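Engineer: Residue strings, one per chain:
Number of protein chains: 2
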Amino acid sequence: MSILVVGSVAFDTIATPSGSVQDILGGAATYFSLAASYFTDVRVVAVVGEDFLPQHEAVLTRRGVDTRGIERAAGKTFRWGGQYLDNLNEAKTDFTDLNVFEKFQPRIPKEYLDTPFLFLANIHPALQTAVRLEMDGVKLTGGDTMNFWIKGTPKDLAATLKLVNVLLINDTETKMLAAEKNLLRAANKVLAMGPKALVVKHGEYGATIFFREGAFGIGSHPFRAPALPIDEVKDPTGAGDSFAGGFMGYIASQGEINREVLKRALFYGGVMGSFAVERFGTERLQNLTRGEIDARFQVFRELTHLE
Amino acid sequence: MSILVVGSVAFDTIATPSGSVQDILGGAATYFSLAASYFTDVRVVAVVGEDFLPQHEAVLTRRGVDTRGIERAAGKTFRWGGQYLDNLNEAKTDFTDLNVFEKFQPRIPKEYLDTPFLFLANIHPALQTAVRLEMDGVKLTGGDTMNFWIKGTPKDLAATLKLVNVLLINDTETKMLAAEKNLLRAANKVLAMGPKALVVKHGEYGATIFFREGAFGIGSHPFRAPALPIDEVKDPTGAGDSFAGGFMGYIASQGEINREVLKRALFYGGVMGSFAVERFGTERLQNLTRGEIDARFQVFRELTHLE
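These protein sequence lines are chains A and B, in that order.
Number 217 in our numbering belongs to position 172 of the first sequence; there are no gaps in the numbering.
Number 197 in our numbering belongs to position 152 of the second sequence; there are no gaps in the numbering.
Think of the hints as simulated: they come from the structure by calculation, not from any bench.
Everything numeric in this text was worked out from a predicted model, so none of it was measured.
Any given hint might turn out to be false.
Copies of the same chain look alike in the list, so a pair counts if it works inside one copy or between any two.
[Stated by the list, open to error] Straight-line Cα separation of at most 25 angstroms, BS3-like style, residue types lysine-lysine; simulated pairs:
(1) K220 with K137
(2) K220 with K200
(3) K241 with K196
(4) K226 with K137
(5) K226 with K241
(6) K148 with K196
(7) K308 with K196
Use the sequences and the hints to build the structure in full.
Structural biologist: Set out below in structure tokens:
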């Protein structure tokens, strides 16, 4: 079944110990779409400026992504600059030029309204809420957020969390959102805010999914997927969005939601994140095969599998 | 088969967000012995002072630990004080009174010399080397070390690493020892220093075992065991030594060393570490049953197991 992602398309300028790149195609919706496109049909709602050229759109359409929801606005596309020179686990932002993204008001094309799966990438929670309310028939909503909204717009975020079924954030965001240092207790507090499931991304250590008691009828034991130790992380940008794309894309491809599907989805999330960081920007995500993806899935499975 | 541990016995004064305790029995050899005692026969070589009373020794002997190798010296037992008030993942040391431990010269009782498994807990690497060279018939040697020796006595440590088959250290120590920020590359550099296998402990995220190519005839793919998210870490002291006790104790109990044994050992290490932190000091490790241990092993297995 198809999935709709609403989020940013951007041009990124990135420096890492492996090199640097300027104005390459990025943004949460881009990484998410490419990663999810290996599993299911993907539709995207975003805004770009006049500098978004056919060659950029082709990156998405070559992967079969439906780009009719990408709005063209007068001005420049969102630009972000950051570096990971000291620490590959945390970006130091050099600049954020919101440009056309500043006034982004997601408009859902009529033909998208029946999309059964929805992912609300990291945008203002009031916009996330508005999108979700417009999508009447949605079966499962995933969402992301960040420290900026947790601290800056807590009321808007609280409203969004009541509508998000699966929230995907990292350890620091989980603890900040719950105002609680212990991860398990923090996760339970976040689940009490609305989501049925919480995926906490641990970076190089994988991810854990926590369930609200009775959610999806599958019990409340958490499940953890490892991440592969990688010998060179070229560019961590987009790893979390690629994780979300693999996770949500796999769920959408299965239609049915049960414990085993969610477990496998967590592994596929890690797999797509691990591919994303192997090259700068979206390069690696543009040219994968499902065979490569499933081979790495097996490697991840073997990494923790006891007979 | 039996295992010999050489290391510290101490009295610890600890403050954590859950409370504080004074002068309770601790030390690497103590945690290791108790954890390993659930799997196999344990012998211990350590030094204590006149303040080490029959009630302290009974903590070990009640678990069947052979304490004939604990030397009594004039003076006080090693004392350590630390707190985890800000960060449960890292101790802030308040004081270190080495006392009788300062002049510790491990003496291996004759009846211990044929012990097939050996664990060199965190002591001066020159002492680790001396012990290992005395133990002619040892089948497998595990070892620990820390930043203090990595920076302070690199040559002595290099000699020790040539004699240690399985090194158990944490992420920070691995990267420091290899002078390399990437974990996989750091692990490979450490393996080139001597050990056939390297266990990197990730705290709340579990542990990964890396293998030197061809080591134990089992290929070189790493294996990762998760850790259980715990809702209250009362006292992290000794978690790493308890991990080592579970890991080495399980291997010693199997006799044979193969990939499946090492994988299960990594899980048992995590299990024993997770029990240790549930209570202050060694309290939880004193009164476990093998049934409780195996039940938690199953929980850990389920935590990452795909059908």
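Engineer: Of the numbered hints stated earlier in the document, which are not met by this structure?
Structural biologist: 7
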